[in-house]
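Using the sequences and the accompanying hints, generate a full structural model.
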Amino acid sequence: MATLGPRQLSNGLEPHPKRQRTSPSPPPLPSSQDGRDFLNDCLPDDDEDATSSQPAMVHWKRPPPPKLDPSSDPLVFQQIDIDYYVGASTVPGMPGMGTGPVPVLRMFGVTSDGNSVCSHIHGFLPYFFVPAPRDFSTQHCATFRSALNTAVMGDLRSSRDNIREAVLAVEMCRKSSIYGFYFNEMSDFLRVTVSLPKLVAPARRLVSCISVPPFGQIDYQVYEANIDFEVRFMVDTGVVGCSWIELPAGKYRFRNQSQTCGTGTLIGGGGASEMKPHPPVTRCQIEVDVSYEDFISHLQEGEWQAIAPVRILSFDIECAAKKKGAFPEAQRDPVIQIANVAVLQGETEPFVKNVFTLDTCAPIAGTDVRVFAPETKLPKYEAELRMSEAELRKYEAELRKYEAELRKCETQLLKEWAEFLQELDPDIITGYNIVNFDLPYLLNRAKALKVDSFPYLGRVRDSRTTMRDSTFDSRAYGKRVNKIISIEGRIQFDLFQILLRDTKLRSYTLNSVSYHFLGEQKEDVHHSIITDLQNGNEQTRRRLAVYCVKDAVLPIRLLDKLMCLINYMEMARVTGVPLAYVLSRGQQIKVVSQLLRKAREKDLLMPVYKSEAQEEYAGATVIDPFRGYYNIPIATLDFSSLYPSIMQAHNLCYTTLLIKSTDRERYDIITPSRD
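Here the sequence shown stands for residues 1 to 675, where the numbers follow UniProt numbering.
Where hints are given, some of them may not hold.
[Claimed, not checked] If you anchor each label on the Cβ, the simulated ranges turn out as follows:
#: 1; residue 1: Ser641; residue 2: Ser297; range: 28 to 36 Å
#: 2; residue 1: Leu518; residue 2: Glu423; range: 26 to 34 Å
#: 3; residue 1: Arg407; residue 2: Asp532; range: 33 to 41 Å
#: 4; residue 1: Ser89; residue 2: Gln587; range: 35 to 43 Å
#: 5; residue 1: Asn535; residue 2: Ile296; range: 25 to 33 Å
#: 6; residue 1: Glu423; residue 2: Arg597; range: 56 to 64 Å
#: 7; residue 1: Trp304; residue 2: Thr636; range: 37 to 45 Å
#: 8; residue 1: Ser187; residue 2: Arg597; range: 16 to 24 Å
Note that these hints are calculated values from the structure, not bench results.
Every residue gets a Cβ at the ideal spot worked out from N, C-alpha and C, and that includes glycine.
In C-alpha cells form, the structure reads like this:
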C-alpha cells in the first residue's frame, strides 16, 4: 500500500547502467564532515591528487517508481508547476465533451520518494458571469446560449480549430457584486461556460452585442472574465501553490496501461468498460488522468507542510569569443564548457557534479569531466617565423580540419547535455542569469549548429522549447526586459533575478553577491583570458573548468544560505498562485487570487472594468532627508500600516462602497464618518 503522507526517505538513487566509467570512486566522506564543508572543498587546488574523479552518470536517474494499484493505492505528490493545454478530444473515462478540443489542466510534481509525477486533470471548463436581465428565467437560458454561441462561432471565422460549440451552457445562480453596497442581498446572475479559455475574451466582448428576445440588446457588466484559467481552477478546487495533492484509490488511471473505468462518467458513451490506455506524453515516471472533482488538495498543516525531495540543477556555461575582447555571439562563438551541480532540496551534498568540456581537460578531483575532443590537434602558427606559401596552405588546411572536427564535437556536447538534463529530470533549474544569457545562448547555439534534438528540455516529449522577449513592469520592481523560455514541468529559478528583486546591493555580480552573503569569491579567472585558456592545453582548460564548476556551485550555496526556494514556495502557498507566478508576475495576481477565494466563500463576484487613464492623487507627505552630521537626536515619524489604518478607520471596502446607483433612501445608511 502506498503511503498517504509525505515522509523523509533515502535517495534510492542508482547509476545509469550504460554510461558508467571505470575510474575509481572518491573516498567516502567522514561521518563528522558537514555537507556544507563538502561543497567548500569540492573544488581542489591544482596540485591536489586528481585520481579520485567521480564515475560518470552516477546517481543521475531518479529512484524507480513504486508499483501502485490504482484500485487500492492512492497517489500522493507535491505539485510544483501547473499549466494547461488543449487536448484533441476527451480521454475515455474522463469527464468532458465527447468530441472536439478540450482544455486539460496539467500538474507536475514529486512524491515523497522522489518520483516525478504528471497528472492530467479533466472536466474543468472556463466561465464568466453577467447579470441576468429583469424577468429572466431558466426558460430563457437556452435562447441566450444559442444567440451567444452563434455570435462567437461567427467571430471565429476560419480559426475554429474543429470547435463545434463555443458556448456550452448558460445557468442561473444567485450572487452579488463585490463592488458596492447592496444591503447584503443576492440577485440573479448568468454563468456562461465556454469550451476553451481562449473563447472567454470574444464571448465577453460579444455578449453585449447579441439580442435575446424578449429582452433585446443589453450592455452587460461582465464579471470574472479576466481570470487566468489556472488561477480559476485553483480557486474553485481549493488548490494553492506547491500544495500536496492526493489522488484517491479508484479515481485515477495510469497512462501506460489499460484500466477499467470504475466510478468515472464517460460523457456521450456507456458505463464502465475496458478501455485502451491513453499513451503517455511526458517524461515523468508516473503519468495519470483524473477528474477535477476526484482529487484532494491538503491544507498546509501538520505533515502536509513538508517539502518533497525536489531535484535542483544549477548550471553555468562558458563561451570562447573568437574576436579579442568581444562579447560572445551564439552564431559564431562556441560553447566550450557546461558545469552542472545537482542537489536534493533539504540536502547540501550534491549527488551530481560534472562538467562538459570542449577539447581535452585534465581530471578534477570530485568532479566527473566529460571530454569532447577532436582527433586533430590545434595547429600551431609560428608568428615569429616566416612561413612559406606551402607551409601556410598546410597550416590553413589543418586549421579548417580542426575547426570542422571541433564543430562536430560541440554538436555532440550539446546533444549529450540535453540528454543529461532529460535523464536527470530536475524540477528546478537554477543558476546566475540563466534566463537572459545561458539558456538563450544554448538555444541559439544549438540552432546555429542545427542540433534539432536539443530544444526539447521540458518534460513534455514533443513540446519544443521556445523563447521570446517579455517586458515586466511593476511599481514594486520597476521595468525590466527578460526572456520567456518555455520549459514545461520545470521551474526556472534564476538567482540573479531573485536577488535583483528581493535585495538591495551595490553590485549584483556573482562575485560580489557571493562575497556579501557567503564570504567567498569566484575563481580568479578574468573573462578576457577565457579564449586563451581554451586554446592552451589540458591544464589551462582544467583551470577554466574549475572556474566554471565554482560558478555552478555558488548558486546552490546561495539558495541554501538565503532559503530562497523555501521562501518562494511558502509565498505560493499563502497567496494561492503557482510557483511560476510568484517568480514571473507582480503583486496584483497574488491579491486577486486571495480576493477570489474570500469572495467565493460569500458568493461575491469581481467585476471587470475597462482600464482608464490613471488619476492623479496626493500621496503621503514625505520629507526629504538632508545628508550630514548631526550631534543632536534626529526624530523620525512614520505611520505604522498607513493604508490599512485608513481603510479600517473609514470602513473602506469594496462591499461597503456607496455607489451612485445605491438606493440610499431604502434604509437609513450611516457610515462610520456619519455621512
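Hint-by-hint comparison with the structure:
no.: 1; hint: Ser641 - Ser297: 28 to 36 Å; in the structure: 31 Å, holds
no.: 2; hint: Leu518 - Glu423: 26 to 34 Å; in the structure: 30 Å, holds
no.: 3; hint: Arg407 - Asp532: 33 to 41 Å; in the structure: 20 Å, violated
no.: 4; hint: Ser89 - Gln587: 35 to 43 Å; in the structure: 39 Å, holds
no.: 5; hint: Asn535 - Ile296: 25 to 33 Å; in the structure: 59 Å, violated
no.: 6; hint: Glu423 - Arg597: 56 to 64 Å; in the structure: 39 Å, violated
no.: 7; hint: Trp304 - Thr636: 37 to 45 Å; in the structure: 43 Å, holds
no.: 8; hint: Ser187 - Arg597: 16 to 24 Å; in the structure: 22 Å, holds
Checked against the numbered hints given earlier, this structure breaks hints 3, 5 and 6; the rest are met.
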